[in-house]
Amino acid sequence: FVENLILYIICLILGGAGAWVIGKYAPELGLVDLPNERSSHAMPTPKGGGIGILAAFVFASLFLEVSLYFWLPATFLALFSLLGDKVELSPKFRLPVQFVAALIVVAPGLFSNSFIKFCPLSPLFCLLPLSIFIVGTANFYNFMDGINGIAGITGVVGFGLIAFYAFLSGIDSFFVTLAVCMSLSCLGFLPFNNIPKAKVFMGDVGSILLGFAFAGMVVWLSKSFLDFVCLAAFLFPFYMDELTTMIIRLKDGENLTRPHRRHLYQFLANEMGIAHRKISAGYGVVQLIVGLIVLLLKPFGLVAVLFFLTACFAGFVLLNFSIRKNIENWPQIHT
10 FVENLILYII CLILGGAGAW VIGKYAPELG LVDLPNERSS HAMPTPKGGG
60 IGILAAFVFA SLFLEVSLYF WLPATFLALF SLLGDKVELS PKFRLPVQFV
110 AALIVVAPGL FSNSFIKFCP LSPLFCLLPL SIFIVGTANF YNFMDGINGI
160 AGITGVVGFG LIAFYAFLSG IDSFFVTLAV CMSLSCLGFL PFNNIPKAKV
210 FMGDVGSILL GFAFAGMVVW LSKSFLDFVC LAAFLFPFYM DELTTMIIRL
260 KDGENLTRPH RRHLYQFLAN EMGIAHRKIS AGYGVVQLIV GLIVLLLKPF
310 GLVAVLFFLT ACFAGFVLLN FSIRKNIENW PQIHT
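With the working numbering, you'll find the sequence shown wraps up at 344, consecutive numbering, no jumps.
Fair warning: there could be bad hints in the mix.
So the derived label-pair ranges between C-beta atoms look like this [stated by the list, open to error]:
1. I22 to K334: 41 to 47 Å
2. P308 to M52: 36 to 42 Å
3. Y34 to P268: 34 to 40 Å
4. I141 to F322: 18 to 24 Å
5. D261 to G179: 34 to 40 Å
6. L259 to G179: 39 to 45 Å
7. G179 to I256: 34 to 40 Å
8. I256 to V11: 45 to 51 Å
If you are wondering where the hints come from, they were derived from the structure by calculation, not from laboratory data.
Just so it is clear, CB atoms sit at the ideal spot from N, CA and C, and this is done for glycine as well.
Could you build all of it, start to finish, from the sequences and the hints given here?
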């Protein structure tokens, strides 16, 4: 217990220390985010503060002797993403690297049958879908990191729920500890990103790592399809916002690889002028409520959980389109 407590304190400190270092030395390191027409901020701001979260992840993984197949590709991808914080990297260059990292995470466990017991036919059947899930989640997390606090709060809640789920299930105790470490490193980062305004941004190094590690834990902890659905649901607001936005952009004929600011959280912040901290806290509250209800419904089986999540998705879509429609009518209302 004492060793874990010390580990938790170290990860909390590392999460904040990384943000502080980047905030102080960002210009010298070439890690400054300059605002443009797509930005939700108006001043040049240091980015790459998620380096402290990476440090906590590596430290905790080494301390807990987590499998190399899990933490090493995640670490490599985070460092590669740090390069992306310095220079623009094409999706054609990013995606192959991300898929290689995901395959390294997924393949060993599938072929050793150490996790994911629901793969039909053969492990090869699940290799590509699970890799797509990990890469997609990593990028979804990155795309959703567009206002102060949202990525950090989501990390605190999401990894906290994973730790709670794994603890209740009595599976892979080292992942319980690692998930708590990730949650606390996000908590340590938050004061530099959210209160009262952002002194530093997380950057790709942090957001890609959090999404990749979250999805990796979902895969490694899943012993059934029900486990997989429940664990993935702990990132519900991010999945729903990104999927809805992708559908809207495809409907409008947009190129999905091009930057934009059409997520619901961006409409709330930019067009409606709601404070970032309120939006980020709101997403975190929704995430926590959905996650806890999923935990309560799990004993009732897969159908109950899927029915609840489908209802949540429908409600999110209706709210999303209602807000967007009202925003589109604002010019007519105010003229």
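Structure-inconsistent hints, enumerated in ascending order: The structure conflicts with hints 2, 3 and 5, although it agrees with all the remaining ones.
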